[in-house]
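**Q** Residue numbers (my numbering), protein chains in the order written: chain A, 21 to 414; chain B, 66 to 413.
By construction, these hints were calculated from the structure, which means they are not laboratory data. It is possible that part of the hints are untrue.
Label pairs and their computed distance ranges (CB to CB) [stated by the list, open to error]:
#1 B:Glu248 <-> A:Tyr260: 55 to 61 Å
#2 A:Ile409 <-> B:Ile179: 39 to 45 Å
#3 A:Ser58 <-> B:Ile179: 31 to 37 Å
#4 A:Thr377 <-> B:Arg171: 52 to 58 Å
#5 A:Ala303 <-> B:Arg171: 53 to 59 Å
#6 B:Thr100 <-> A:Lys140: 47 to 53 Å
Covered by chain A, per the in silico footprint, the following chain B stretches (three or more residues, Cβ under 8 Å) [as the list claims (entries may be wrong)]:
#7 72-79
#8 232-242
#9 256-265
#10 303-316
#11 387-394
Using N, Cα and C, we set each Cβ at its ideal position, and we do this for glycine too.
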Amino acid sequence: MFLTSQFKTNLKKNLQPLNLIPQVFLILLIVYIIYFFSKNTEINLVSRNLNFGFDFLSNNAGFDIQFSLINYDGSSSYAKSYLVGLLNTLLVAFFGIIFATILGFIVGISRLSTNWMLNKLSLIYVELFRNLPLILQIFFWYFVVIRSLPSTEKSVIILNFLIINLQGFYIPKFIFSNFIFIFYGFIVAIAVTFFLKYYATKVFYESAKIIPVFKIFLILVIIFPIIFALLGDVKITIEYPKLVKNFGIFNYLGGVKLVPEFLALLFSLSLYTSAFIAENVRAGILAISKGQKEASKSLGFNNSQTLKLIVIPQALRVIIPPTTNQYLNLTKNSSLAAAIGYPDLTGVFAGTALSQTGKAIEIIFIVMMTYLTISLIISIILNWYNKKIALVER
Amino acid sequence: MENLKIWLKKNLFSNWYYSLITIFILYVLFSTIPTFLDWAFFKATFLGNAKSDCKSGGACWVFIKVWFDKLIYGFYPEKDLWRVNLTFLTLIFSISLAFFVKEKFRIYILFFIIFIFPFIGFILIRGGFGLDQVETRVWGGLALTFMLTFFGIIFAFPLGVLLALGRRSELPVFRYFCIVFIEFWRGIPLITVIFAAAIMFPLFIPANANVDKLLRVAIGISIFESAYIAEVVRGGLQSLPKGQYEAAKSLGMGYWKMNFLIILPQAIKTVIPGITNTFIALFKDTPLIILVGLLELLGMVNLAKSNSYWLGFAVEGYVFVGIIFWVFSYLLSRYTQSLEKKYSVEKR
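The following block holds chain A by itself, in its conformation from the complex:
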């Protein structure tokens, strides 16, 4: 009832000529611009012997991508090259977010340390990395740092686990048979934790006893996959990278190879974003007033309880929204990969595929829509979370 009456007043307001005319004018303007652009596009496409359409996606791409998570070769379709690019973008964004968060929290907490040297060093870290253009940092990692690594024959080998040379980083590949059982183990561990959490909340309100759910979860998440692996007869084979001489050239084969482009992008994105996250973390912790800690002490909480139950939950409320924004920026910034040839969505699709097909409108449309979708998904999650943790004021 209220809604309809409000709708009616709004409608009445909008139908007043002073309000109506500019709105109609804007709609006409937008329609005209769209008409103008599409007409020009039609003429331009005809004069260039091109046609509009997305059917090129099923054609043979005919180019190779040197770093791919799925099986891809020159005979695959453009649609598949899109998928390779998207997965590469998500891969670098995923690991970038993890590293940036860890580094950001370490540096942000160090910024508040009473150790003078640690404090100043983290200040220098933040000011250095956030005031330099990201693309410069990417170039520096790619053209300077990684180019100065030793050659294949003189590789740095750390504990037979990590091999570092000019060609990139090599790590052993873990091959699981019946991998699905380990996955089941994870699922069961998470499900049990959910029930436990429910039970713990009940116990807490009934008898004020605290069950350490998170610690139990950490144990379960290790134990269940192992039990399931034993039950399901999972075998692990470790494939180490091996030095092979081929046509007089040394090369490492086998294992997982991380190409220099990926590493340069990952390092620079993580460091750049971590400087911003560090500032968020610092601001979040500073936002908690001293009174909160004193109040918690006077309620009889000890130091770790104060930190866990009073400081961190409130600080996270301040830290998380801007940090999620940084995650969004990191994902969008991963498109700078195109500058050093890491085959991400922009590099593969808006770079190679576009120059091969000349389908500028279609391809740039697809790429923009993809990033837009990723951004929207992240901001929907952010808004949902924000609402959940927002301060409930009475």
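Dock chain B against chain A, hints included.
**A** Just chain B, lined up with the frame of chain A:
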């Protein structure tokens, strides 16, 4: 002496793990800083004009010296460099003048910078009125970085303010248009905007309308940044109490008068730090135009370092670019912080 001991005890060695951290940091600093200083200063070559002068094993700053003009001005004709210099000197002079004159006159200087200077600068750099025409494809280097940033500020700021007003408008068509517009530009990476401006946009306009590539990219970047400015300004608008709107309306002010005389002056003042941060971001983003073949400072360094005669001086080039970008962004962000402090004091 006693004070020093207390200071050390309190700030560096207050407990065993802080002592360990201090010692570890000292070790790292002592093993890296001398090497770096040796490279950058003590073993570096500053004098000379050719690659052969660099034999000492340290940094070869001769590389920067030889390429200096190119790094600053791009391929702008040498005999016309005074035009670029004059433009930037005028800008620097008018900005610094704004800091010294009384508040009353500041508005005239601002008016000059925003409405008159861009035309003078454009004619000086581009040519016309008796000056030789200089094509935009020879523009480059640090001058181009500054030009793009300046253009972005002049263009993106008013657009951003209008978008912010539109987003809070009571008229649904304007509101939804602004929401979609802002969220679209904020949701895509700048690179796709630059690609679209350089490759896709020419298809949208009549074939005979020849819009310069640099101009297309500059407009693309400006629209992109305007969406971010709009969100910052919206924050300022939201922070104003409702009473300000009601007071303006009760004085009989219309929509535009209310916004431009009462609301915006207050709203923008509170978000100046946020706006400056957006411009720092814009400044740091300008090198992305390398991807469509426009060579500003970083692009010129990339070109210089891959010159077959000057191979192997990437580090010197990047350090030079880094110092320039770092100094400007750092100073701007410090200025922002001081503004933030000033306003938070005023509010109290």
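**Q** If a hint holds in the structure, say so; if it doesn't, say that too.
**A** Hints, verified against the model:
1. At roughly 48 Å, the beta carbons of B:Glu248 and A:Tyr260 sit outside the given window of 55 to 61 Å.
2. Between A:Ile409 and B:Ile179 the CB atoms are about 42 Å apart, so this pair conforms to the stated range of 39 to 45 Å.
3. At about 35 Å, the CB distance of A:Ser58 to B:Ile179 agrees with the hint of 31 to 37 Å.
4. Separation of A:Thr377 from B:Arg171 is about 54 Å and conforms to the stated range, judged on CB atoms against 52 to 58 Å.
5. Look at A:Ala303 against B:Arg171: about 32 Å separates their beta carbons, and that is not inside 53 to 59 Å.
6. The beta-carbon spacing between B:Thr100 and A:Lys140, approximately 20 Å, falls outside the hinted interval of 47 to 53 Å.
7. Counting residues of the stretch 72-79 of chain B whose C-beta lies closer than 8 Å to any C-beta of chain A gives 4; at least three are required, and the coverage claim holds.
8. Under the rule that three or more residues need a Cβ within less than 8 Å of chain A, the assignment of the stretch 232-242 of chain B holds, with 6 such residues.
9. Requiring three or more residues with a Cβ within less than 8 Å of a Cβ of chain A, the coverage given for the stretch 256-265 of chain B holds, as 6 such residues are present.
10. By the rule of at least three residues with a Cβ nearer than 8 Å to a Cβ of chain A, the coverage given for the stretch 303-316 of chain B is violated, with 0 such residues.
11. Counting residues of the stretch 387-394 of chain B whose beta carbon lies closer than 8 Å to any beta carbon of chain A gives 4, which meets the minimum of three for the stated coverage.
Figure legend: structure checked against the earlier numbered hints; hints not met, in rising order: 1, 5, 6 and 10.
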